[in-house]
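A.B. asks: Take a look at the letters that make up each chain.
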Amino acid sequence: MDILVVGLNHRTSPIELREKLAFSQEETQQAYEKFLDHRLVREVMVLSTCNRVEVYSWANTGGEKRILSTLQELKGVRKEELLPVTYVYHGREAVKHIFRVASSLDSMVLGEPQIVGQVKDAFEQAMASEATGVILNQLMKKALSVSKRIRTETGIGESAVSVSYAAVELAKKIFGELDRKKALLVGAGEMAELAAQHLVNQGVAQLVVVNRTFSRAQELAEKLHGEAAPMENLPQELVDADIVITSTGAQEYIITRDMVQRVMRERKMKPMFFIDIAVPRDVDPQVERVENVYAYDIDDLEQVVEENRKRREKEATKAERIVEEEVENFLHWLRSQEVVPVIVSLRNWCDEIRKRELEKTVSRMKLNGEEAKALEALTSAIVNKILHPPLSYMKEAASKGEGEKVARLVKELFALEEKDEHKDRDQRQ
Amino acid sequence: MKIEPGLFSRSTLGGDVNKMDIVIFRVAAVFYLASALLYVYYLFRTRERISKRAYLLLTIAFMIHTLALVSRAFVARHLPATNLFESLSLFSWMVAGGYLLLEWRYKIPILGSFVAPLNFLGVLIATLNPQTVRPLPPALKSTWLYIHATTSFLGEVAFALAFVVSSVYLIQERYIRKKRLGGLFQKLPSLGQLDELNYRLLTLGFPFLTLGIITGAIWAQYAWGAYWSWDPKETWSLITWFIYAAILHGRMTVGWRGRRAAILSVVGFGAVLFTFLGVNLLLPGLHSYSSM
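For the protein sequence lines, the chains are V and H, in the order given.
Mind the numbering: the first sequence is residues 1 to 429 in our numbering, read in order.
Mind the numbering: the second sequence is residues 1001 to 1292 in our numbering, read in order.
Simulated from the structure, these hints should not be mistaken for lab results.
Hints are not guaranteed to be accurate.
[To be verified] Derived BS3-like pairs: lysine-lysine, alpha-carbon spacing no greater than 25 Å straight-line:
(1) V:Lys385 / V:Lys411
(2) V:Lys411 / V:Lys400
(3) H:Lys1187 / V:Lys310
(4) H:Lys1179 / V:Lys172
(5) V:Lys172 / V:Lys268
(6) V:Lys318 / H:Lys1187
(7) V:Lys142 / V:Lys318
(8) H:Lys1141 / V:Lys172
(9) H:Lys1107 / H:Lys1187
(10) V:Lys268 / H:Lys1178
(11) H:Lys1179 / V:Lys148
(12) H:Lys1187 / V:Lys270
(13) H:Lys1233 / V:Lys172
(14) V:Lys310 / H:Lys1178
(15) V:Lys314 / H:Lys1141
(16) H:Lys1179 / V:Lys182
(17) V:Lys148 / H:Lys1107
(18) V:Lys314 / H:Lys1107
(19) H:Lys1187 / V:Lys148
(20) V:Lys172 / H:Lys1019
(21) V:Lys318 / H:Lys1052
(22) V:Lys366 / V:Lys355
(23) V:Lys400 / V:Lys385
(24) V:Lys385 / V:Lys405
(25) V:Lys96 / V:Lys268
(26) H:Lys1187 / V:Lys314
(27) V:Lys270 / H:Lys1178
(28) H:Lys1179 / V:Lys310
(29) V:Lys318 / V:Lys141
(30) H:Lys1052 / H:Lys1107
(31) V:Lys395 / V:Lys142
(32) H:Lys1052 / V:Lys270
(33) V:Lys270 / V:Lys172
(34) V:Lys405 / V:Lys395
Please read all numbers here as calculations on a predicted model, not as lab measurements.
Work the whole structure out from these sequences, hints included.
C.D. replies: Pasting the structure below:
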């Protein structure tokens, strides 16, 4: 039995194939029945996002072939199509891969936060469908906690890696909370709209849209839950605006230093932040020389994003170390699991014998409560003392990776029946 | 060889003095150092666990320091603010207490990374001064000593914290203006938050400073028979008062906020420091008894 990953992602396969292989929720449900309809695969979970389709399983040797053929069957793709783009990982590599995926180390945008939620949802669905068991449950819980640990202990998700997010992040570092700040959107470029949308999402108190064609301003204002104003009002609107996003097609500066100087005096020097996304620029870079005025143009923001990306890459090496460490922890737990079922049944078996014999003696000798209690303690002590060395031996062997062999031996020695939950489920089906 | 009265020389502990308070003070100093180191470490590894421990160490240092001050007050039988050692010790104690309140209220532990080391520096300078308890000059025996010293100190503590907040503001502002968002940029608070905090501390400190000057004048009337004698310390307090008055006035009327407010707050604290230390050490005057 081994942990197994079969999958494909944005690096190995084109979008067309990923689309074809993507699983909807209902499809996943059906897929679980198909995957588990065989003793080869004991536990299974499917993670399907726009960048990857992966099947995680706890399976016997040959499980990967079974999973690949099930995928072909379910999705109607040919083997020649599927094989060159899929990767298969076993054991340690599989665990590492799953941890890296959940921690966003394998994502297209390093450290992006969505993947954690996607992994969590997929896991919850698999759990609800009873497709997972002891092993995958522990593995996925661990994967999610590793992801959380990496997020708090490294800066992998810290700084913005898109221009519009970087702009919002800067606004927050200038103003603190944005809930009493007013934003002004001048012009209607796509990226400016995106930045304005982020600002609205971050709880900006008010958004005003100014545009040369007023109807366009109204349209955009409605979309962003803001207000529209005509271009002539720009100087007046600037007085109230804390954050100004510009993206007009104007050939010369529409916001000049003189203008800003006047505005700043009128607003009693309250800080202003200009985000100039237009090319050619809308805001005269000289405005920065006015006190408490900050201006970033598209090049500045792109440079910030580039630096942030580099910083994330640096943080990723820290994250990889955490992954290595946690993989080790998990494998240790996994190895101990090889003997746990046998330990449990050996204990139960001994205890059953003890209880049966104890009962006989107690009723035959007509012992009173206190005597029976003493006898109970005596027999328990004997059983525990006898069991102690073999149980420690089994645990020891498990941590050395010989758990499976020893477990089999003990099972044969004592003629034990394994009563783990896999068996239960197999019987159910 | 001349032996300088210093940290560990016996000569600083006069034979008639109960050394207990100085021993306790040094224990507190060790805790101040530990807290400062941990707070600085927090700059590099921003984990809540670290700042919580640094805060705890600072609280312990503060409590031990309280004990030292109380035991000294018992020995000296007056408020321990009559020589440089005592003044610095009392001042550091109040800064520590003030900062503990500030972090408890505003939860910006990164400020501790700046306050704690500076405060430890104050403690260190205090230990470098003679620590003997001297009998209070008869002229100074008055309840006004308590009121004057306490109010002045409270004002100065608020200004000291405002100074740190403003320095952090200027560092953060530099990152944003230079468009280099590495280093401490992510870890430092927003400009808005720092500006607001600076303003609150200034409005808190100013009434105390005013009160300190007024009570000082009343006390001077009792002690020296004149409300105001243009002694250097008096003059410099007045200069300090005008600087802070200007900052607050400027903010309310023409909007001296942000960068300008931060710079002025730093300048203002320079004046506070000069009034507190510079005058004692450099300029002779009526307050000069507290220089040694």
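A.B. asks: Hint by hint, say whether it matches the structure.
C.D. replies: Results for each hint:
| no. | hint | verdict |
| --- | --- | --- |
| 1 | V:Lys385 / V:Lys411 | holds, 20 Å |
| 2 | V:Lys411 / V:Lys400 | holds, 19 Å |
| 3 | H:Lys1187 / V:Lys310 | holds, 18 Å |
| 4 | H:Lys1179 / V:Lys172 | holds, 15 Å |
| 5 | V:Lys172 / V:Lys268 | holds, 20 Å |
| 6 | V:Lys318 / H:Lys1187 | holds, 18 Å |
| 7 | V:Lys142 / V:Lys318 | holds, 18 Å |
| 8 | H:Lys1141 / V:Lys172 | violated, 53 Å |
| 9 | H:Lys1107 / H:Lys1187 | holds, 13 Å |
| 10 | V:Lys268 / H:Lys1178 | holds, 24 Å |
| 11 | H:Lys1179 / V:Lys148 | violated, 30 Å |
| 12 | H:Lys1187 / V:Lys270 | holds, 23 Å |
| 13 | H:Lys1233 / V:Lys172 | violated, 43 Å |
| 14 | V:Lys310 / H:Lys1178 | holds, 19 Å |
| 15 | V:Lys314 / H:Lys1141 | violated, 64 Å |
| 16 | H:Lys1179 / V:Lys182 | holds, 23 Å |
| 17 | V:Lys148 / H:Lys1107 | holds, 23 Å |
| 18 | V:Lys314 / H:Lys1107 | violated, 29 Å |
| 19 | H:Lys1187 / V:Lys148 | holds, 19 Å |
| 20 | V:Lys172 / H:Lys1019 | violated, 52 Å |
| 21 | V:Lys318 / H:Lys1052 | holds, 24 Å |
| 22 | V:Lys366 / V:Lys355 | holds, 16 Å |
| 23 | V:Lys400 / V:Lys385 | holds, 24 Å |
| 24 | V:Lys385 / V:Lys405 | holds, 24 Å |
| 25 | V:Lys96 / V:Lys268 | violated, 56 Å |
| 26 | H:Lys1187 / V:Lys314 | holds, 17 Å |
| 27 | V:Lys270 / H:Lys1178 | holds, 20 Å |
| 28 | H:Lys1179 / V:Lys310 | holds, 16 Å |
| 29 | V:Lys318 / V:Lys141 | holds, 21 Å |
| 30 | H:Lys1052 / H:Lys1107 | holds, 11 Å |
| 31 | V:Lys395 / V:Lys142 | holds, 21 Å |
| 32 | H:Lys1052 / V:Lys270 | violated, 34 Å |
| 33 | V:Lys270 / V:Lys172 | holds, 15 Å |
| 34 | V:Lys405 / V:Lys395 | holds, 12 Å |
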